[in-house]
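*Asks:* Could you slot chain E onto chain V? The hints should help.
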Amino acid sequence: MNDQEPKIDLKSICKNIIGIGKNYKDPLKEHVPTDEDPFIFAKPTTSLITEGSSIQIPKGWGTIIHEVELGVVIGKRAKFVSEDIAMDHVLGYVLALDMGKSLEFDKYPILLIKGFDTSCPISDFIPKSKINNVNNLNLKLSVNGNTRHDGNTQDLIHKIPKLISYLSNYFTLDYGDLILTGTPAGISTVKHGDVIEASLENLANIKFPVVEIQ
Amino acid sequence: MASQVIKVQTVCRNIIAVARNYTEHAKELGNPVPKENPLVFGKPVSSIITEGEIQIPHGWKELHHEVELGVVIGKPGKFIKPENAMDHVMGYVLVLDMTARSIQQELKKQGYPWFLAKGFDTSCPISDFIPKSAVKDVHNLNLKLTVNGITKQNGNTKDMIFKVPDLLSYISNYFKLEYGDLILTGTPSGVSGVKHGDIIEASLDDLAKIKFPVVENEK
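Listed in order, the protein sequences are those of chains V and E. Adding 20 to a residue's 1-based position in the first sequence gives its number in my numbering. Adding 6 to a residue's 1-based position in the second sequence gives its number in my numbering.
Worth flagging that the hints you see were computed from the coordinates, not collected in a lab. Any given hint might turn out to be false.
[Unchecked claim] Pair ranges (Cβ atoms, derived):
1) V:Asp55 <-> E:Lys225: 19 to 25 Å
2) V:Lys42 <-> E:Val221: 31 to 37 Å
3) V:Glu71 <-> E:Glu34: 35 to 41 Å
4) V:Pro47 <-> E:Gly65: 30 to 36 Å
Using N, Cα and C, we set each Cβ at its ideal position, and we do this for glycine too.
Next up, chain V with everything else stripped away, as it sits in the complex (with noise of 0.2 Å):
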């Protein structure tokens, strides 16, 4: 274990979370759809939080939803960067969880339902050099000890080399900035009082209480 690496508070760094909806093969479905273009939006830098923080529902919400994904931070500024050298960009990652309102996205800005304040929990930073191989990685939330989600990172539609690639065609990508690759099936409620914990294989834990807002 290297005791020399810097620690990377993102909460700090980062100026930039990119989601990626929509990334996840649909076990029942043949068909991948490789070709369409990765489903894209932004969470706000006020999302973060860290352990230590509730999940905040806002007043009047009742009820949100989770997501529990790998996030990649880049390293390196990345701009036209093709797939082949894409993986140079990273630095490493997060357990993050991509907390929404709801899936109604005809029925409220995306902003809104995926960047209110605390809708992105995310676990201490990991190095790059701990994880061997990131198209393997389990991912698995439960709520008060109920699994809702169990799935693997092999299932990823777009690739981590293709999104960097795409992404920084259109935008720079930059040291600190964060991509949240997308979720596997289990999608649920959480309402006030619930628990939510997740883990990313035994690379990170995380566990955060969710509270509405009075």
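*Replies:* Relative to the frame of chain V, chain E by itself:
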């Protein structure tokens, strides 16, 4: 009085924008006017430029210009009451909310977010920072934009549907406002297409003037 040289591009960590905040602009795009709440969306800070060219991504051919008053946050806050909102403002910028309109329509049809159409690099050209003290009445500022010398947009902030204090209050209920955050307050009518070779000039009263040439990327 010390003059503040605020480099918004350096301190800004969030850009929150408001759509359809001028009635005539909503109408010209055939969009319903928001009644209850402002329609918010985000642009990444990587989209900000203070000089150089507006770059149309290769193949997109055309962008729409949208000239806006940008509000820069000085004092952080959450759940800000409208009557206290202006205490959180440290100044302003003149902004162009460049938009890939046809990409936006296509994304809407697919049920995809607008983020790509609103957030690509160079889609947020801004002027120098304007200190709060330089503005007497934020709701009586002329916003003007020309393309190749021809006036396209010529509006006034008095026509905002949701005024600045209400916008800041609403936004701060969901998103904590931090020092350096930039809020784009909407555009008046007159949006039009610009393509490779066009030159956009815009002004905010006599407080700010900007000029940006438009190019389309070759790759």
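*Asks:* All hints, please: hold or fail.
*Replies:* Now the hints, each set against the structure:
1. V:Asp55 <-> E:Lys225: 19 to 25 Å: holds (21 Å)
2. V:Lys42 <-> E:Val221: 31 to 37 Å: holds (33 Å)
3. V:Glu71 <-> E:Glu34: 35 to 41 Å: Roughly 48 Å apart at Cβ, these two residues miss the hinted range, so it is violated.
4. V:Pro47 <-> E:Gly65: 30 to 36 Å: Because 35 Å falls inside the window, the suggested range holds.
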